[in-house]
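**Q** Listed below, chain by chain, are the residues.
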Amino acid sequence: MKVGQATLEPRYHGAVEHWARHNFKDYSTLLDQWEKYFPTDERFCLCAKMELGTSTLVQVGEHKGEPKRLDPEQLSEEEAGHLLAIIRAQASTEFGSIQQHAGTLERADDDQDRFWVMRVMAEELRHGYQMLHLLLSKDWSHVSGGVTGEQMVEEILSMQTGNHVLDAFNLDYDSFIDNITFAAIIDRVGKYQLTMQKVCAYKPMADSMPPMLREEAFHLAAGVIPMRRWAQRAAQGDPFITMAAVQHAINKWYPRGLEMFGDERGGDTNIKFGFKDLKNREAQDQYIEEVRRMIRDINLRFIRARFPADTPEQADQALADLERTRGIHHGVRFTDLLRLPDRRFFRRKGEPAFSMVGIEGETFTDVEEYLRYLARHLNEGYIASRDLKHYAEALRGVAAGTLTVKDAIMKMPKLKRVGGTCPCSKGVRWVMEGSAADRADLSAAG
Amino acid sequence: MPGTQAETRIRPLDELDISAIVRIDERISGTYRPDIWERRVGFYLRRDPGASQVAEVDGKVVGFMLGDLRAGEFGLEEPSGWIERFGIDPDHRGHDLGRRMFTAMVDHFRDGGARTVRTLVDRGDVGLTGFLSALGLAPSPLEALEMRLDGPAREAR
Numbered sequence: 001m002k003v004g005q006a007t008l009e010p011r012y013h014g015a016v017e018h019w020a021r022h023n024f025k026d027y028s029t030l031l032d033q034w035e036k037y038f039p040t041d042e043r044f045c046l047c048a049k050m051e052l053g054t055s056t057l058v059q060v061g062e063h064k065g066e067p068k069r070l071d072p073e074q075l076s077e078e079e080a081g082h083l084l085a086i087i088r089a090q091a092s093t094e095f096g097s098i099q100q101h102a103g104t105l106e107r108a109d110d111d112q113d114r115f116w117v118m119r120v121m122a123e124e125l126r127h128g129y130q131m132l133h134l135l136l137s138k139d140w141s142h143v144s145g146g147v148t149g150e151q152m153v154e155e156i157l158s159m160q161t162g163n164h165v166l167d168a169f170n171l172d173y174d175s176f177i178d179n180i181t182f183a184a185i186i187d188r189v190g191k192y193q194l195t196m197q198k199v200c201a202y203k204p205m206a207d208s209m210p211p212m213l214r215e216e217a218f219h220l221a222a223g224v225i226p227m228r229r230w231a232q233r234a235a236q237g238d239p240f241i242t243m244a245a246v247q248h249a250i251n252k253w254y255p256r257g258l259e260m261f262g263d264e265r266g267g268d269t270n271i272k273f274g275f276k277d278l279k280n281r282e283a284q285d286q287y288i289e290e291v292r293r294m295i296r297d298i299n300l301r302f303i304r305a306r307f308p309a310d311t312p313e314q315a316d317q318a319l320a321d322l323e324r325t326r327g328i329h330h331g332v333r334f335t336d337l338l339r340l341p342d343r344r345f346f347r348r349k350g351e352p353a354f355s356m357v358g359i360e361g362e363t364f365t366d367v368e369e370y371l372r373y374l375a376r377h378l379n380e381g382y383i384a385s386r387d388l389k390h391y392a393e394a395l396r397g398v399a400a401g402t403l404t405v406k407d408a409i410m411k412m413p414k415l416k417r418v419g420g421t422c423p424c425s426k427g428v429r430w431v432m433e434g435s436a437a438d439r440a441d442l443s444a445a446g
Numbered sequence: 001m002p003g004t005q006a007e008t009r010i011r012p013l014d015e016l017d018i019s020a021i022v023r024i025d026e027r028i029s030g031t032y033r034p035d036i037w038e039r040r041v042g043f044y045l046r047r048d049p050g051a052s053q054v055a056e057v058d059g060k061v062v063g064f065m066l067g068d069l070r071a072g073e074f075g076l077e078e079p080s081g082w083i084e085r086f087g088i089d090p091d092h093r094g095h096d097l098g099r100r101m102f103t104a105m106v107d108h109f110r111d112g113g114a115r116t117v118r119t120l121v122d123r124g125d126v127g128l129t130g131f132l133s134a135l136g137l138a139p140s141p142l143e144a145l146e147m148r149l150d151g152p153a154r155e156a157r
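From first to last, the protein sequence lines are chains L and E.
Note that the numbering used here numbers the first sequence so that position 430 is 430, with each residue one more than the last.
Note that the numbering used here numbers the second sequence so that position 35 is 35, with each residue one more than the last.
Next comes chain L alone, as it looks inside the complex:
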């Protein structure tokens, strides 16, 4: 575990810091109070970190056994274009999540939870910086369509919530519950993506993954541990924390997390090119099982807190009975616990896009009934959002036969940058057409 460090040339490093001043206002607070909340931990470093001593040979795909590529010029044009889309998408997500977290950070009811999220944000900033390092340290001009490194950086830093490449990064948070749920659900997808990319045939990308993954381990803890504590508080009757509120947040984020793996039928290109080692559905299946385990853990925390005199075996049995019977155990209903939504629930991309499936897998035939169902299972702040309004319009179009599923997927609106030179330009407007971001998404999904 030996790690090299690099910094961007001053104008780009300065652009990232400038971006942080606008989008991550608590960055300096975090650095000032680092010792208080993370005593003896290594200080945060805004830099790129590259693992040393990793494999020098391509590990999967059609080039398996050949030396890993050190320069984009060593990749075919198709491979380099594909990888460039992945890097840009990854960069977009890192900066995007900071913008999302910042919206509701101040609403945390616990200072430790708030500083944990701030650390997550700082490390996402570093991950974005890492991706910019990959874009700027080599020449991608032969596959970037004439877009220079400087323009790519400007494009990424000018994105706002609404025009990021992946949908999960275009949703506003409605409360601090979203900060925590996002860390537990969406950062978990990030862990899978980084893990798959450890084998990447482009060595600078592969070498970037282990340091990011080590930081990601804490991001998941920063989601799961507060969720566990909330389950305890909910079980003890805290009027401000309910399992229903957490469930509604899971319902909001989990479908977007599943879509981050790309279409269930895809992923062959990534393996063929040696960029990842799992197809989309394989990775998604593993992710689903991990989220199922997480939810069971949190439910067990709830049961133990509700019945403190029970032995661990009795608590296990109570949870197993509730899962099996979907009934009531000494006043606790199955519906009082967290549930893993069906993988087809509330999907708008991938294989089950715009199918009308409920949390338990129940199917709907009437659009309005399904939308009312969604309204009951999502939080109030979200159901009044522009995002859900556009989803409903697209779903109605699909149900009426006036829109194909493919067109509906493309019709989901994006914010698109239309001008401005400042790296944190807010010169954006709503557009309805399929965007370059959409195309990059499909490409990244492979």
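Treat the hints as calculated values from the structure; they're not laboratory data.
Mixed in with the good hints there might be a few duds.
Unchecked claim - DEER-style ranges, computed between Cβ atoms: (1) L:C45 / E:L145: 34 to 42 angstroms; (2) L:A244 / E:A134: 48 to 56 angstroms; (3) E:L120 / L:E73: 34 to 42 angstroms; (4) L:H142 / E:L137: 53 to 61 angstroms.
Backbone N, C-alpha and C define an ideal beta-carbon position, used for all residues, glycine too.
Following the hints, position chain E against chain L.
**A** The following block gives chain E in isolation, referenced to the frame of chain L:
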């Protein structure tokens, strides 16, 4: 009791191991202490993810060993591996799981540049000192010192 054909695996700790660790601790100590283990797991995942290990038997976590690589404490500038907490479900002891977790941690510490692994132990705990001794840990020239603060005040000069 696990059969001899049980599939065992040593892997790095993750945030979903908290419940299993709480359960193992509860079996050993008789006390349910989720808050403590949430704090400790959060601490080690933040400090040095990849250092701490768990042992799985047939997919169930039955042992854990927590620690991290650190430098600069107690005048020890060179990085050292510290092993601070470990436990194995009583039903799964005697299967070399402790040694295997220890070996995985030592590999991690060595990769990180450590040349020494350290821990503190109650000399009166014969079982624990015997286990650590069997792993190759020996008394250190560094001595742990302490002073009780709940007795009568003593003038220090």
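**Q** It remains to establish, for every hint, whether it holds in the given structure.
**A** Results for each hint:
For C45 (chain L) and L145 (chain E), the Cβ-Cβ distance of about 35 angstroms falls inside the hinted range of 34 to 42 angstroms, so the restraint holds. Distance hint check: the CB atoms of A244 (chain L) and A134 (chain E) are about 51 angstroms apart, consistent with the given range 48 to 56 angstroms. Range check, L120 (chain E) to E73 (chain L): Cβ separation about 55 angstroms, and the 34 to 42 angstroms hint is violated. At roughly 57 angstroms, the beta carbons of H142 (chain L) and L137 (chain E) sit within the given window of 53 to 61 angstroms.
Going down the numbered hints, you'll see the structure goes against just number 3.
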